[in-house]
Amino acid sequence: MNIEAFIDRLFEYAEARGLKEYQVSYAKNENSDIQVFNQEIFKQSDNTLMVLSFAVRVNGKIGRFTTERFDIEDVKRVVDEAVANAEIMECDEEFFFYDGAGNYPMVVKHRPQVERLEKFDKIAFLKRLEKETYVADKRVNKVISTQYYSSLSQAIMRNSLGLNLKDETIRAGAYVYASAQNGSEVKTYGDGVCFDKEEDFNSKRLAEKVVKKLVSRLGAENTFSRKAPVVFENKVFASILGSIYGMFSSYAVDTGKSKLAGKIGELIASPKVSIIDNPWLENGFATSAFDSEGVPTRYKELVKDGVLQGFLYGLSMAHKHHTQSTGNGTGGLGSRVFNFYLKNGTCPREELLRKLGDGVYIDKLNGLSGSISLVSGNFSMGAEGYRVTDGKLGAYLNQFTISGNIYDVLKDIEEIGDDLDFDCSPLGSPSVLVKNITVANN
Amino acid sequence: MLNKHLAERVLLKALSTGGDFAELYAENSRMTYLSMGDNKIDGASSNLRCGVGIRVFKDVFYSYAYTNDLSEAGLLKTAEKAAAAVSGNELIKNINLTGYPFENNHKTLINPESVKAGEKVEILRRASAAAYRESSKIRRVDAGLSDKIQNVLIANSDGLWVEDTRIRTHFNVSAMAEDGEEKFSLGKGLGGLQGFEFFQTVNAEETARFCAKSAVEMLTAENCPAGRMPVVVAREIGGILFHEACGHSLEATLLAKNASVFNGKLGQQIASPLVTLVDDGTLPNLWGSSNVDDEGNKTRRNVLIEKGVLKGYLIDRFNARKMGMDATGSSRRESYKIAPTSRMNNTYLLAGNSKPEEIIANTERGVYVTMFGNGSVNPTSDDFNFQVKQAYLIEDGKLTKPVKGAKLIGKGADILPKIDMVGDDLGIHGGGHCGSVSGYVPVCHGQPTLRVAEMIVGGQK
Numbered sequence: 084m085n086i087e088a089f090i091d092r093l094f095e096y097a098e099a100r101g102l103k104e105y106q107v108s109y110a111k112n113e114n115s116d117i118q119v120f121n122q123e124i125f126k127q128s129d130n131t132l133m134v135l136s137f138a139v140r141v142n143g144k145i146g147r148f149t150t151e152r153f154d155i156e157d158v159k160r161v162v163d164e165a166v167a168n169a170e171i172m173e174c175d176e177e178f179f180f181y182d183g184a185g186n187y188p189m190v191v192k193h194r195p196q197v198e199r200l201e202k203f204d205k206i207a208f209l210k211r212l213e214k215e216t217y218v219a220d221k222r223v224n225k226v227i228s229t230q231y232y233s234s235l236s237q238a239i240m241r242n243s244l245g246l247n248l249k250d251e252t253i254r255a256g257a258y259v260y261a262s263a264q265n266g267s268e269v270k271t272y273g274d275g276v277c278f279d280k281e282e283d284f285n286s287k288r289l290a291e292k293v294v295k296k297l298v299s300r301l302g303a304e305n306t307f308s309r310k311a312p313v314v315f316e317n318k319v320f321a322s323i324l325g326s327i328y329g330m331f332s333s334y335a336v337d338t339g340k341s342k343l344a345g346k347i348g349e350l351i352a353s354p355k356v357s358i359i360d361n362p363w364l365e366n367g368f369a370t371s372a373f374d375s376e377g378v379p380t381r382y383k384e385l386v387k388d389g390v391l392q393g394f395l396y397g398l399s400m401a402h403k404h405h406t407q408s409t410g411n412g413t414g415g416l417g418s419r420v421f422n423f424y425l426k427n428g429t430c431p432r433e434e435l436l437r438k439l440g441d442g443v444y445i446d447k448l449n450g451l452s453g454s455i456s457l458v459s460g461n462f463s464m465g466a467e468g469y470r471v472t473d474g475k476l477g478a479y480l481n482q483f484t485i486s487g488n489i490y491d492v493l494k495d496i497e498e499i500g501d502d503l504d505f506d507c508s509p510l511g512s513p514s515v516l517v518k519n520i521t522v523a524n525n
Numbered sequence: 010m011l012n013k014h015l016a017e018r019v020l021l022k023a024l025s026t027g028g029d030f031a032e033l034y035a036e037n038s039r040m041t042y043l044s045m046g047d048n049k050i051d052g053a054s055s056n057l058r059c060g061v062g063i064r065v066f067k068d069v070f071y072s073y074a075y076t077n078d079l080s081e082a083g084l085l086k087t088a089e090k091a092a093a094a095v096s097g098n099e100l101i102k103n104i105n106l107t108g109y110p111f112e113n114n115h116k117t118l119i120n121p122e123s124v125k126a127g128e129k130v131e132i133l134r135r136a137s138a139a140a141y142r143e144s145s146k147i148r149r150v151d152a153g154l155s156d157k158i159q160n161v162l163i164a165n166s167d168g169l170w171v172e173d174t175r176i177r178t179h180f181n182v183s184a185m186a187e188d189g190e191e192k193f194s195l196g197k198g199l200g201g202l203q204g205f206e207f208f209q210t211v212n213a214e215e216t217a218r219f220c221a222k223s224a225v226e227m228l229t230a231e232n233c234p235a236g237r238m239p240v241v242v243a244r245e246i247g248g249i250l251f252h253e254a255c256g257h258s259l260e261a262t263l264l265a266k267n268a269s270v271f272n273g274k275l276g277q278q279i280a281s282p283l284v285t286l287v288d289d290g291t292l293p294n295l296w297g298s299s300n301v302d303d304e305g306n307k308t309r310r311n312v313l314i315e316k317g318v319l320k321g322y323l324i325d326r327f328n329a330r331k332m333g334m335d336a337t338g339s340s341r342r343e344s345y346k347i348a349p350t351s352r353m354n355n356t357y358l359l360a361g362n363s364k365p366e367e368i369i370a371n372t373e374r375g376v377y378v379t380m381f382g383n384g385s386v387n388p389t390s391d392d393f394n395f396q397v398k399q400a401y402l403i404e405d406g407k408l409t410k411p412v413k414g415a416k417l418i419g420k421g422a423d424i425l426p427k428i429d430m431v432g433d434d435l436g437i438h439g440g441g442h443c444g445s446v447s448g449y450v451p452v453c454h455g456q457p458t459l460r461v462a463e464m465i466v467g468g469q470k
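So the sequences go chain by chain: A and B.
According to the working numbering, the stretch in the first sequence is residues 84 to 525, in order.
According to the working numbering, the stretch in the second sequence is residues 10 to 470, in order.
Certain hints may be false.
In silico DSS-like links for lysine-lysine, alpha-carbon gap of 27 Å or less [unchecked claim]:
id : chain 1 : residue 1 : chain 2 : residue 2
1  : B       : 197       : A       : 342
2  : A       : 475       : A       : 295
3  : A       : 103       : B       : 125
Pairwise CB distance ranges (calculated) [claimed, not checked]:
id : chain 1 : residue 1 : chain 2 : residue 2 : range
4  : B       : 14        : A       : 175       : 53 to 61 Å
5  : A       : 478       : B       : 366       : 31 to 39 Å
6  : A       : 182       : B       : 12        : 41 to 49 Å
7  : A       : 224       : B       : 48        : 13 to 21 Å
If you want a taste of the chain A side facing chain B, the calculated C-beta under 8 Å gives, among others [unchecked claim]:
id : residue
8  : 133
9  : 142
10 : 148
11 : 164
12 : 167
13 : 172
14 : 284
15 : 285
16 : 340
17 : 343
18 : 345
19 : 366
20 : 415
21 : 449
22 : 453
23 : 458
No lab work stands behind these hints: they were computed from the structure.
The structure presented is a predicted model; accordingly, all values stated were derived computationally and were not measured.
C-beta: ideal position from N, C-alpha, C; glycine also.
If we strip away everything but chain A, and leave its shape as in the complex, we get (with noise of 0.2 Å):
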């Protein structure tokens, strides 16, 4: 049935249930990929998708209920079950819904050069694409996959305090991961582009640069075992960033999960480092007017030149602790960001080489996620790089493990490069260069 109409039977059976207050979050994503490979095209799809959760609020709690089916004879249930959710919590925290009062921010959120893309021949951009990557270098040995993807995602949010919110997102990529072969050793690099500058659209381009990264990876060799600084490249530790936006949850700190726990005020980090979450920056891949449940955005450092500003509150944990959203809420405890960067620095690549002197610079990490544990700051994760002597890169290095704590990782920055980068994503970074990192290969 029409989408429309069985949010207004949700609605008006949950008024005539006698409820207060209840929300809806819809969203329709249609989305296609096409993936070329030995010149033939190897699949594609064209899918059409809609969701929607029905969220009510009964004694102070919030119990949800989420479908993907739209039948008339199912509002009933669903209204029921979602109100038995609520119903069973019990938790001291209590949750609320948002009534859409204050100023929505305009923002501009990354889009891809949607009317060219109307006209370009996809399919001849892959075929280009795996043809360049071979082409490029003798020693590609195979072009494992090449890929374009679109969705348009339009959201809207509706409640009973009046909140009425739309939203729409779209995206649009390439993508080409190879590997390449020199005797027995084999490796593998992929990259991608998200069609939003002129240079996108250029197959060679991105074959290049993939394949130039993919050779410099050959004739690896091992490391030793020691302590070393280590410069993680940008988009590497934009990757780490993203793992541990966690610590500045309000929920993890109230339940002993950060420990940033009462260090408002206190230096977490070298004086080179800040730490942002803007919901506002221009063309971000996270950028948006409003959380999930409806506030709207902020921008705000977290981090400022190492004192730690303050956490992310949605509406309930702010209600717990007597202070406002900061326009990071899930509509649960958790808490989410936006685009979350740390703040670009001045030092050059080759001054950061120099500045680290004898030691590796990584270039990928292997089994990031959930590798680093908030509770303790403890990690240790599979990396790739390059190693580091008088300044100079030298070999490719084989897998090798690194390991600290990423609360003491936060304090060692010792220099912030110049090249913050999102690299088609909400998370960026610029290259950091961290001292003492456990390296271990040998």
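Chain A is already provided as a structure; the job is to place chain B on it using the hints.
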């Protein structure tokens, strides 16, 4: 979910542009989740997932389209989208969906829908309380209970018509211990292809106590030494070693592109003769099992490595075409939103002859791993990595102290021949999800206690 007549019309529409095979996968899944933090329910949600995915093959190309508009018009439109990527003369004009009989090997005794929420809460409450009781150093306990009833219908242009219901129950608990500045958190998840009777065999309280006890013990753990050393891996949990070190590389996804380290190695000795590795989707009520795979073929026991010799791959219908081999009943997908491909079900190493205690006694200095975290592998370069959550140092053949912060890395081809002792204590563990090209699917892995003569251990010392 769909009647045969409509399914036939949808499949014919999908084939109208010259496809040589079409498949329809309809899913209606119902999920509930309860979470408890600090002895109180802090999350309750329900979810209904419902939709259809349509695949069309033409030689070694496939197109895919999904929708959750299940009206006749919605389904036909989706079939048209899948057909649009194919061009040629119509090859198949008739389909007669008949289906085949199969026995339900995974009987469910208590349907989770019949269980009152209060009973589920009680499981969480008891588990949580047990963890807190274990030690005054336990600062925080979180636990969760979820169940899923997945109804699937698979129909294809060969006339296959299969309907199956998969009921899964999952329990997870984590305990955080604290002593002054030191903190350690440790959790465990367990799942079965079972209803609420899952809790008759799985003791949630015992699992919670184990996590609490381990977290407290790990507070005193020293940093793990780094370097190359023998690694003894405890039964059950160590199966993830094989899952990553060779399981993924034996899936057809990369083999079909000749991009796996194991291409062309069938019949060759790739592992120590002590290694016999099996992937079996038929084991009754195990988390990674099912009656039929997501292409509607009966699951089966696939021997991957026998006495160190590579015997077989895991192959789905599409890649079977590319590889010129048969499908192995192990094609899987997270949901109708992702096309299926070959994946592991329950992967385990068969038992050997050594006693677990003699494996440790025979190790002069090394690490004994009793719990892994996440792991991943690059099946092309063969580099794998695993997070170690809990481990002990072995010194002079004895377990001496807990160590933390370790990571194991290496190449599958390097470590498989280095397995030099295999215990007689096979155990299979289930509760995790494996993420790959067709999404997250429930898997089990298992093994007896074993020793790898030398591995790279990453630690902070």
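Status of the hints after comparison with the structure:
no.	hint	result
1	B:197 / A:342	22 Å, holds
2	A:475 / A:295	17 Å, holds
3	A:103 / B:125	26 Å, holds
4	B:14 / A:175: 53 to 61 Å	55 Å, holds
5	A:478 / B:366: 31 to 39 Å	44 Å, violated
6	A:182 / B:12: 41 to 49 Å	46 Å, holds
7	A:224 / B:48: 13 to 21 Å	57 Å, violated
8	133	6 Å, holds
9	142	13 Å, violated
10	148	5 Å, holds
11	164	5 Å, holds
12	167	7 Å, holds
13	172	5 Å, holds
14	284	23 Å, violated
15	285	26 Å, violated
16	340	7 Å, holds
17	343	13 Å, violated
18	345	13 Å, violated
19	366	28 Å, violated
20	415	7 Å, holds
21	449	5 Å, holds
22	453	4 Å, holds
23	458	4 Å, holds
Comparing the model with each earlier hint shows violations of hints 5, 7, 9, 14, 15, 17, 18, 19; every other hint is respected.
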